[in-house]
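> Residue strings, one per chain:
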Amino acid sequence: MINRLVLENFKHRPVRTLLTALAIGIQVTLILTLVGLSFGMLNDIAKRTEGTGADLVVLPPDASIIGFSQTMAEGIVSKVRELPHVALATGILMQPIGGINYITGIHLNEFTQMSGGFEYLAGGPFQQPDDMIVDEVYARGAKIHVGDTVNLGKPWHVCGIVVPGKLSRTFAELKTVQERYSATGQISRIYVKADNPANIPAIQSELQQKLPTYGVYRMEELVSLMSVNNVPMLRQFTDVIIGVGLVIGFLVVFLSLYTAVLERTREIGILKALGAGPGYILDILMRETILLSVFGTITGILMSYGVRALLSAFVPSFTMEIVYSWWPFAAILAAIGSLIGAIYPGLKAARQDAIEALSYD
Amino acid sequence: MIEIRDLKKTYHVGDVDVHALRGVNLSVERGEFLCVAGPSGSGKSTLFHILGGLTPPTSGEIRIEGRDLLKMTDAERTNLRKTTVGFVFQKYNLLPTLTAQENIDIARDIAGRRQADPHFSEVLSLLGIAGRLRHKPRALSGGEQQRVAIARAIVNRPALLLADEPTGNLDSENSRIVLDLLRRLNHEFHQTILMITHDPEAAAYGDRIVRMKDGRIY
Numbered sequence: 007m008i009n010r011l012v013l014e015n016f017k018h019r020p021v022r023t024l025l026t027a028l029a030i031g032i033q034v035t036l037i038l039t040l041v042g043l044s045f046g047m048l049n050d051i052a053k054r055t056e057g058t059g060a061d062l063v064v065l066p067p068d069a070s071i072i073g074f075s076q077t078m079a080e081g082i083v084s085k086v087r088e089l090p091h092v093a094l095a096t097g098i099l100m101q102p103i104g105g106i107n108y109i110t111g112i113h114l115n116e117f118t119q120m121s122g123g124f125e126y127l128a129g130g131p132f133q134q135p136d137d138m139i140v141d142e143v144y145a146r147g148a149k150i151h152v153g154d155t156v157n158l159g160k161p162w163h164v165c166g167i168v169v170p171g172k173l174s175r176t177f178a179e180l181k182t183v184q185e186r187y188s189a190t191g192q193i194s195r196i197y198v199k200a201d202n203p204a205n206i207p208a209i210q211s212e213l214q215q216k217l218p219t220y221g222v223y224r225m226e227e228l229v230s231l232m233s234v235n236n237v238p239m240l241r242q243f244t245d246v247i248i249g250v251g252l253v254i255g256f257l258v259v260f261l262s263l264y265t266a267v268l269e270r271t272r273e274i275g276i277l278k279a280l281g282a283g284p285g286y287i288l289d290i291l292m293r294e295t296i297l298l299s300v301f302g303t304i305t306g307i308l309m310s311y312g313v314r315a316l317l318s319a320f321v322p323s324f325t326m327e328i329v330y331s332w333w334p335f336a337a338i339l340a341a342i343g344s345l346i347g348a349i350y351p352g353l354k355a356a357r358q359d360a361i362e363a364l365s366y367d
Numbered sequence: 010m011i012e013i014r015d016l017k018k019t020y021h022v023g024d025v026d027v028h029a030l031r032g033v034n035l036s037v038e039r040g041e042f043l044c045v046a047g048p049s050g051s052g053k054s055t056l057f058h059i060l061g062g063l064t065p066p067t068s069g070e071i072r073i074e075g076r077d078l079l080k081m082t083d084a085e086r087t088n089l090r091k092t093t094v095g096f097v098f099q100k101y102n103l104l105p106t107l108t109a110q111e112n113i114d115i116a117r118d119i120a121g122r123r124q125a126d127p128h129f130s131e132v133l134s135l136l137g138i139a140g141r142l143r144h145k146p147r148a149l150s151g152g153e154q155q156r157v158a159i160a161r162a163i164v165n166r167p168a169l170l171l172a173d174e175p176t177g178n179l180d181s182e183n184s185r186i187v188l189d190l191l192r193r194l195n196h197e198f199h200q201t202i203l204m205i206t207h208d209p210e211a212a213a214y215g216d217r218i219v220r221m222k223d224g225r226i227y
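Residue numbers (our numbering), protein chains in the order written: chain V, 7 to 367; chain G, 10 to 227.
Isolated chain G, as found in the complex (with noise of 0.2 Å):
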């Protein structure tokens, strides 16, 4: 499902050249539970970034789905945000305005999809957060807040949930709560998806664990 070959990403601050990432090779199958491992600095976050098409790659070949993001233009890198890719957070990242299914309904509404999906029901029943839907975030604990972001990134379903730090500001109960749904999610609804994390409990929640040091993965 994503095929990435010699992933080279090279940041221009001021007149010096940053190389986050030197040469990534990475395939991961639909359906499965990756999780990249590193320290700060390694790349992970520019492999999300690039990933999320919320930046593009300076060279190499990266594939979603057998679409290639390299020749993509900003406008194709955003639908795909809107139609393939779905993202979790470490700070959630809700809008604060807005109730927590108000916030699930806005990625809808980005999508365009004007009616909800009956089965996403059982998603919120997963989540354990059918009852917290008419709270703003500000009354939600972070461990549900977190839950209400994975809910707000699968309901369109994306062919792919990336997940950055997504334990990073919880207590290690909350964490475990989250770890285990995004485990079932990838069991139960065959949701494909990539988490960074550098904790190692966590990625040991995942399929595979592949780890980043210097912008490759070794």
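Chain V on its own, in the form it takes in the complex (with noise of 0.2 Å):
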């Protein structure tokens, strides 16, 4: 019976029953879409550094795994190369260009090498030394096509559009990016593939006795090593939007639920005179206040995939996955902002006194 109550109070006001779920949802959005960001550029990242082929990569000294700030001399790739049972090695600068992009300097051919070479949607390899290949993600998201000269604080002409899936979505020569980043003689990773995969643990042993205060990671380790938990201040912003989330879910059911027991305050009078007490009336509220945020979670999680959507027609670098582990924990906090609202209403409408409640207009 509170249950058919409670369902029809919220048809009794629609309007507010859903701007009540849509808050809430907007709540869960927040921290679904966060964590689906973080979960998808890294997952991404991941893919894509895998897609250089390389079975190892060594890094500067107090490197982070995901950052590019910091750089190594050039010339440590030939002594890598001269290691044994090293196939390949190749290095690479990657320069900042705005938002969360980065232009990479390759030589192409020790690239292709590695990787395997590029895909060409359009247009082909570089031919002058301001010539930029870039990803199909990259290209839709800016809207450039083979021919155009693109502004990334230098000029660059777009040479080719490429498969993405291969390190970077942005790629110059080496040279250049280096001579226009005042980066010349520096590169911030070394890609290294052994001539046998049963050589990587010796090719690792060697290059970590030869670098010992630089970074040497076999692809697989690095590549688990992309977690929000490994990415500096990205767990503590995490954080700060449940945080965020949380405040929003307990005003936005404080809120509700206050105007909703001031709006009810004769009907609580009524249910006392029939005999409901205190935990009768709390009952009622608490579950007004969990189906709200069932609705609200419902609401949000839907919410996140048109976020994903627009990301994906918008943004498209911005690669946002729908990361279903975290559903349960976002219907939690989402509970729990709500059941915190809840409470000072709700003891409101449990102290109500029967007399007054009856007698209001």
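The hints are simulated quantities; they were obtained by calculation from the structure and are not laboratory data.
Where a beta carbon is used, it is the ideal one built from N, C-alpha and C, also for glycine.
The reader is advised that the hints may include incorrect statements.
[As the list claims (entries may be wrong)] Using C-beta positions, here's what the derived DEER-type ranges look like:
#1 G/Ala139 <-> V/Leu268: 33 to 39 Å
#2 G/Ser68 <-> V/Ile247: 44 to 50 Å
#3 V/Leu268 <-> G/Asp216: 41 to 47 Å
Could you use the hints to bring the two separately framed chains together as a complex?
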């Protein structure tokens, strides 16, 4: 019977019910979008890193696994090549070009040998020093075509558009990138391919001995480290967003139930006259709250699909995943925020004086 | 069934004490239909609220079926409303979001009764609302709403039915119907009724009339 009353209360004020569910949904969407972007971007980076075809990666001292601000001397690449069982080694330089994008300087021939080469959708390889190859995602997001000149702080001429999945979204000749960004003789990473997969541990061990302060990772190690917890500040940022979400849920439900309790003062008086105790009244409001948070969570999950579709259409380089494992967590957070918001209105209703409530108009 | 001795009730309104009841003495027999008449401010509603367990008395003695209301805790008075007393109000006080049937069912639910009383259909027939139970209050006339309120008040077979100006919002035709129904409930189902009214015609429906003035029965 209480469930019936709760449902009828929702139907009686459909706009308020929808707005409350929507606001709780925004809380859920906020969390799911941030988590989805974190997972999506990191997994995308991981996949593209694997797309290099390398078996090992060498990072400069103190470099983070997804950061590219640290560099090392390009001369190290030739020393790596000299190590036993190393079939290929190539250095790359990544320079930020705004937002989350980097331009990646590569030796096209070496990169082609290691990765298997680009699959061109339009245009072709570098012809001039200022030529740039972009992947299809970047081209779609920036609305650029082969032959266009793109200003990324420096003008670049788009010579080719390729299938995504190989390390970066934008590529240029290593030498040009080094010169244009004042990093002559510097590189960000060395990608290494073994002559035989069985020799990868031996190469790693050798590199660790020769370059003790450098980061030397097998590809699967590096990819496994690309998680939210290993990205500086991302975990804390996620926690802040979760906190903001909780506050939103609390405020929304607080205001919604507070006005509902005021509006239903007389009805609460009627229920009390019929013998409903504080527990019965609280039960009604708590069920309303839980149901609102369920509606809100469903709304939030649906909206997170909408956000992903919008990002894919308008900012394709922002890769967002739907992280199912976070749905229960987002639902619990929505319920917690909502239940905290329901405490004061609930107690106010439960303590309502029946005679005063019955005379309320 | 009801024994009241020197019942007093004082409300504190700001710094002022309002003596709503100044020593009420009253006895009501089981199965009696008693009307309490009196002008506004005479203390009728306060007596109604105390008998219904909606507010505690200040002093005196008040017993319903041997249970002392003066010593009752809030929880015990809540239980009294659930099991022993049924209310009918002037403004009907039906829950607007529920149908007539659901308004009756929720009283049963609050009392913790899961099963419908098979004999209650007789009461519904008597009240003449069997065909209107699927409607929400806004679709019912005032008379119908009051009849639903009566059904709700007696669905748990309370020992005492308290009616506060039950015809106050009704026209004369519907007033007559409701008062007739109360009398039939009293006669046919031996329902003890205490009805508050300031209408002499309505008061005449009771077995006995007591009059209140200035917080006392005289």
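> A separate judgement is required for each hint: does it hold in the structure or not?
Hints, one by one, checked against the model:
no.	hint	in the structure
1	G/Ala139 <-> V/Leu268: 33 to 39 Å	holds, 36 Å
2	G/Ser68 <-> V/Ile247: 44 to 50 Å	violated, 60 Å
3	V/Leu268 <-> G/Asp216: 41 to 47 Å	holds, 42 Å
Checked against the numbered hints above, the structure violates only hint 2.
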